[in-house]
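**Student:** Sequence:
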Amino acid sequence: MQHPVRRTGPAPVIRDQLLHVLRAALTEVGFPEPAGGVALDLPKQREHGDWSTNIALQVAKPAGVAPRVAAERLATAIRAAAPPAVEQVDVAGPGFLNFRVAPSAWHQVLRAVVERGERWGRAEALGGQRINLEFVSANPTGPLHAGGGRWVAVGDALANLLAAQGGVVHREYYLNDAGSQLDAFGASLLARYEAREPPDDGYQGDYLIEMAQRMRAELGDGVTQEQAREWGYLDAVSQLRADLARIGVQFDTWFSERTLHERGDVAAVLEELSAQHVVFEEDGATWLRTSAHGDSRDRVLVKSDGSTTYLCNDLAYHRDKLARGWEHLIDIWGADHHGQVKSLQAGLAALGAPGEPEVVLGQLVKIMKGGKPVRLSRRAGDVISLADILDVVDPDVCRLTFLLQSIDTAQTFDLDIVTAQSMENPVYYVQYAHARIASIARRAAVAGIERRPILETNLAPLRHERELDLLRALEQYPDVVAEAATLRAPHRVTTWVRDFAARFHGFYRDCRVLTDDAALTQARLWLAESCRLGLSNALDLLGVGAPDVMERGDAHLDEPDAGAP
RNA sequence: GCGCCCGUAGCUCAGUUGGACAGAGCGACGGACUUCUAAUCCGUUGGUCGGGGGUUCGAAUCCCUCCGGGCGCGCCA
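End of the first sequence sits at 603 in our numbering; the numbers just go up one at a time, nothing left out.
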């Protein structure tokens, strides 16, 4: 699938100019633009310039010309028309075109970042598309388990990303409060309340013991199973909300499955599907012909006992989301549910919404504790909840840990490592860069150094390789955000911000901001500000804080105070 | 058996949608604080990108196949 990335930011003037000149050169020399368009890449090696393009290699074959020859012709045309900031155009290797630009070009990037401020990295590519993003949606039968934390972090970050691309994003949580799971939960809770063991097919987790005690305190004696279910349900929902609040995630809608049944939405969806002639009766059940839409087999909608299946209810739910005016539906699911994707999509196709919902599948989290894997089943009993994690690490650490890697890879969340290494967790590394910038600003204020307006600031002193390196990364940032959004891959922002923090720490080491050179100081103060914006904007998308001050942590433990005179 | 995901340095993972000698962190080893917070920086060490074919000027990336691992394949949710 193609995911074209369109730049909408005003800034990278030099890059847009280069692309323009490149296209013009293609026309002049008589090469048609390849289907994939013209792309500028960042070479891995600095000797290959600031940007490079493989356009000549793509164009050569259809034109029946040797790649190097095509490249030379293009280079000649480009040199004649290139803006002054393009210092050098080289043909290299098999036929790459490498461009080297003047520092002034990078200074334009700095001005653009400062001008755009918090909007640097934001775009309007989605043009106000109304997107409903459903994530987490764990059953309201207990606290959120630790592995679910991945979907909390990923879902919230993805929502931020889509919004940053101009989407109108709605965070939604689906409460399965009408199914047999809740009944089993109620029965188990009642059993604990009556000091019995839960049924074999019930919920074995110890948390039910504590819940039962609170239920007794609130409701007293003589609680019925239905009362237990309802009390437990409400209590579980408030626990879920509380856990999510601790990590700073807020849903716009908590949708109750019961609503669908009460309003007759489930019956309505069955009627609609019947009218589409995609259902049939067999063995006393009603089936949906999902196999016609790529599912491996047909699926039951109404069981022989007359009750509807999860799929049937879920179809009604997704139909409701569309009826509420959401143009695009995205569901984030764990890979253990991937077998349901086709069925749901097939049903929605029959309901006239082909391609909906988009299901983002993420591989599961393996929680390790004491070197051993922890089973993540609330029903099995051995439970580690998200709240347990938040008891030992702060929300920023938790979030960034879940956002470190691609959701296509199974993640191992080792509680011992995350807590023990928390002082060298990547999140602190990145936040420390931000805090250092804030610290410089404080130092400047103390020294009476005022940052002059950027329009009056000469950025020419910024010529150090460290400085230009920061600006190169900042230039790239809007593309990173756009790609992360289209690929539904928030971890790309994490990767960028870690790399960017590393660049900043390197700069900080080699280039002093506050110096005796007033002009240099002014330029670097603005460079630092642009970096602060880059860090802050990226962390904001990830839902991670960007502190101005960070404590020294336990560093003092290494330095005996007694040593001081 | 079928479907989806994964296999990259000792470990945990990136890898700009096919580019130019494969990257980071941790680990190991060695350096750097009279100067904006050393939660930092610099250097050294370390890889048959699971194996084999194929497409291409060019493959970690695309196709086929095999091996290994995870998760699914209910009139459960």
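In short, the hints are calculated from the structure, not lab data.
Misleading hints may appear alongside valid ones.
Claimed, not checked - For each label pair, taking beta carbons as the anchor points, the in silico distance ranges come out as:
1) D244 x E268: 20 to 26 Å
2) S444 x G260: 26 to 32 Å
3) H376 x D54: 48 to 54 Å
4) A483 x R296: 55 to 61 Å
5) G68 x M588: 38 to 44 Å
6) A119 x R510: 22 to 28 Å
Beta carbons are placed, not taken as given, at the ideal position from N, Cα and C, and that holds for glycine.
**Student:** Each of the hints needs a verdict: does it hold here or not?
**Tutor:** Verification of the hints:
For D244 and E268, the Cβ-Cβ distance of about 22 Å falls inside the hinted range of 20 to 26 Å, so the restraint holds. At roughly 53 Å, the beta-carbon separation of S444 and G260 lies outside the given 26 to 32 Å, and the hint is violated. Restraint check, H376 to D54: a C-beta distance of roughly 41 Å breaks the suggested window 48 to 54 Å. At roughly 57 Å, the beta-carbon separation of A483 and R296 lies within the given 55 to 61 Å, and the hint holds.
Taking the beta carbon of each, G68 and M588 are about 58 Å apart, not inside 38 to 44 Å as hinted. Between A119 and R510 the Cβ separation comes to about 24 Å, which falls inside the hinted range of 22 to 28 Å.
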